[in-house]
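Chains as they are written, first to last, in the numbering used here: chain A, 1 to 287; chain B, 288 to 600.
No wet-lab data here; the hints were simulated from the structure.
Bear in mind the structure is a predicted one, so any value in this text is a computation, not a measurement.
Any given hint might turn out to be false.
What the hints assert, rightly or not - Derived PhoX-like pairs (lysine-lysine); straight-line CA-CA distance at most 25 Å: (1) B:Lys-373 to B:Lys-558; (2) A:Lys-244 to B:Lys-558; (3) B:Lys-381 to B:Lys-519; (4) B:Lys-330 to B:Lys-558; (5) A:Lys-145 to B:Lys-381; (6) A:Lys-115 to A:Lys-192; (7) B:Lys-330 to A:Lys-145; (8) B:Lys-532 to B:Lys-510; (9) B:Lys-359 to B:Lys-381.
Unchecked claim - Output of the computed footprint for chain A on chain B, the stretches with three or more beta carbons under 8 Å from beta carbons of chain A: (10) 424 to 430; (11) 433 to 440; (12) 458 to 469; (13) 568 to 577.
All residues carry an ideal CB built from backbone N, CA and C; glycine is no exception.
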Amino acid sequence: MMNEQKSKSLWSHAWDSLISDKLTVLSMIIVVAYSLIAVTSALGLIAGDWSQEVGPSYAAPSSDYIFGLDIFGRSVFAKTIKGTEVAMSVGLVTGILTVIIGVFLGALAGYFGGKVDEVIVWFYTTFSSIPSIMLLVGICFIVGKGILAVYLSLGLTSWVSLCRLIRGEFIRHKDREYVQAATAIGGGDYRKIFKHILPNVLHIVIINFSLQFQVAIKSEVILSYLGLGVQGVPSWGTMINDAKLELARGNWWQLAAATAAMMIVVLAFNILGDSLRDALDPKLKGK
Amino acid sequence: MSLTSYIIRRLLYVIPVLLGVCFLVFLLFNVVSPDPTISMLGKHATQAQVLELREVLGLNEPLHIQYFNTVKSAFTFDFGRSWSTKQEISEMIKSGAIPSATVTFPAFIISFLLSVSISLFVAFYRGTFFDRAAVVVCVTLMSISSLVYILVGQWFFAFHLGWFEISGYEEGFPDVVPYVLLPILIIVVLSVGPDVRFYRTIMLDEIYQDYVRTARAKGLSEKVIMFKHVLKNAMVSIITYVVLKIPFLILGSLLIESFFGIPGLGGITLKAVNSSDYPVIKAMTVLSAIALIIFNLLTDVLYKVVDPRVQLK
């Protein structure tokens with residue numbers, strides 16, 4: 001009972017400190033807004049007609065065409081929204097993959113130690129010795145270009161740092177009194193890992209998820225630019241790629257729309273990640 | 288544990304990691320990746336042609352031999368020939384390393400000096416408007432895609448203003464300058480954001496330590512504290528962070544090199560990716576892994592040498 005109340009107060013304390021900062025609240029609103037746009041776009045409620053020709057090629061932004069039109073006379077605004085859907089889904093899926101792999105391997109290594117630890121440490125040392133761009137390329141070759149390749153390659157390459165952190169935390173926690181108490185009343189390994197220790201290291205997962213989200217969005221843009229990313233659907237990366245040729249003719253709006261759309265959400269996640277760290281990581285409190 | 292036995296142990300650990308890297312590379316490019324002969328010969332190739340090409344490329348060997356060959360290449364640096372250009376890969380790497388380093392090395396030095404100075408300055412004025420503004424600028428700089436810096440930089444400074452060459456490369460010292468100046472500048476701008484933010488955190492970690500309070504209590508000036516105490520201790524973390532960037536200097540920047548037409552290793556890699564040139568991709572992967580492993584080891588040893596308080600495990 002006591003424990004339950006205490007842990008609740010930690011989270012509510014963190015929440016209070018989060019919403020007391022205006023910039024953090026603004027970031028949260030931005031993230032929620034982007035998520036809503038992504039979901040409604042995925043359901044086909046908005047921007048479903050992004051591939052329609054709505055006006056002359058390269059019409060400049062005006063009251064008719066809010067972000068202007070691209071080479072085929074398609075609305076840059078609709079493409080930006082479709083790109084939001086891609087970016088947010090990439091952030092979410094790779095974030096979830098990272099958490100699953102990182103937490104699972106990190107928990108096993110830290111909790112069991114010994115041979116299990118050695119194997120997992122060897123595995124992630126090996127993995128992190130290969131530059132992630134090369135792994136991305138390899139995975140793209142195997143599953144074929146497309147959104148699946150982006151999900152898998154980003155998810156499979158970004159779990160190492162979380163795994164390291166979680167392993168370290170489990171090593172610190174596994175001999176604490178509360179875990180010994182759990183052993184004394186007959187708690188099994190599974191129960192101790194997931195019910196007892198994991199809630200105590202959850203803040204690291206949350207902070208990491210928030211920062212990982214924006215790294216994934218940035219990487220998706222580069223992958224799509226390199227031609228290894230999404231195919232057939234607009235993404236901010238392909239929009240920037242188009243802009244490579246447009247800029248010399250003075251058509252700046254496609255580049256501006258994609259850049260601004262990406263910058264706002266990445267900035268929001270950066271600020272949110274920092275605030276989460278300040279609110280949840282007691283070691284840094286007061287700095 | 289003594290330093291020597293630590294170094295020996297770490298050196299021995301390189302072997303299983305390198306074997307693991309080779310295995311992953313082998314798994315990715317020799318086992319699960321799609322048959323390269325299809326993309327090389329086109330759809331209408333006959334069965335005999337495919338078999339012949341597979342024989343030439345060494346793909347008909349048993350898998351354990353193919354794995355052994357991958358491992359062998361990692362130790363002998365003999366990666367065979369490129370499938371698309373038929374050049375010796377080790378030669379390609381040798382000729383690509385210099386253009387890559389010509390761009391990355393000056394950028395590395397400049398951005399290191401710049402970032403450390405800015406972060407010292409910012410840490411000195413911590414908590415003030417300056418500090419907050421610097422952090423906001425850093426995070427904003429980091430939130431813009433690196434593609435945009437390259438695109439806009441190339442368009443504005445090289446195309447619009449004509450200050451630099453738009454793209455290309457020339458060998459020899461004075462000739463090379465107009466080609467590499469803008470790429471260097473862009474790399475510096477790209478790395479200043481994250482670096483300043485990271486160094487600032489490290490310095491602030493140090494500033495709140497007890498020894499700084501002691502120094503202040505002794506009556507030392509803030510300047511002496513910053514340069515003699517904080518910077519020295521922060522350097523331990525900064526060095527370990529910086530050394531790990533060195534392998535990437537040799538590898539070059541994929542995007543920068545392709546945009547500016549610099550014939551470095553990044554450009555070679557990107558070309559290989561686009562033409563499914565597996566031996567080149569494998570060679571670059573193994574090579575960069577070796578570089579990363581070595582510099583990782585170096586960092587750990589350096590860490591110990593610079594800071595005797597670090598416990599060896």
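Hints, verified against the model:
1. B:Lys-373 to B:Lys-558: 14 Å, holds
2. A:Lys-244 to B:Lys-558: The hint holds at about 19 Å.
3. B:Lys-381 to B:Lys-519: Cα-Cα ~37 Å, so violated.
4. B:Lys-330 to B:Lys-558: Holds - the C-alpha atoms of B:Lys-558 and B:Lys-330 are around 22 Å apart, at most 25 Å.
5. A:Lys-145 to B:Lys-381: 31 Å, violated
6. A:Lys-115 to A:Lys-192: OK: A:Lys-115 and A:Lys-192 at ~20 Å, within 25 Å.
7. B:Lys-330 to A:Lys-145: 19 Å, holds
8. B:Lys-532 to B:Lys-510: Cα-Cα ~29 Å, so violated.
9. B:Lys-359 to B:Lys-381: 19 Å, holds
10. 424 to 430: holds (count 4)
11. 433 to 440: This one holds; 5 residues, not fewer than the three required, reach chain A with a Cβ under 8 Å.
12. 458 to 469: violated (count 0)
13. 568 to 577: Holds, because 5 residues of the segment 568 to 577 of chain B bring their Cβ atoms closer than 8 Å to Cβ atoms of chain A.
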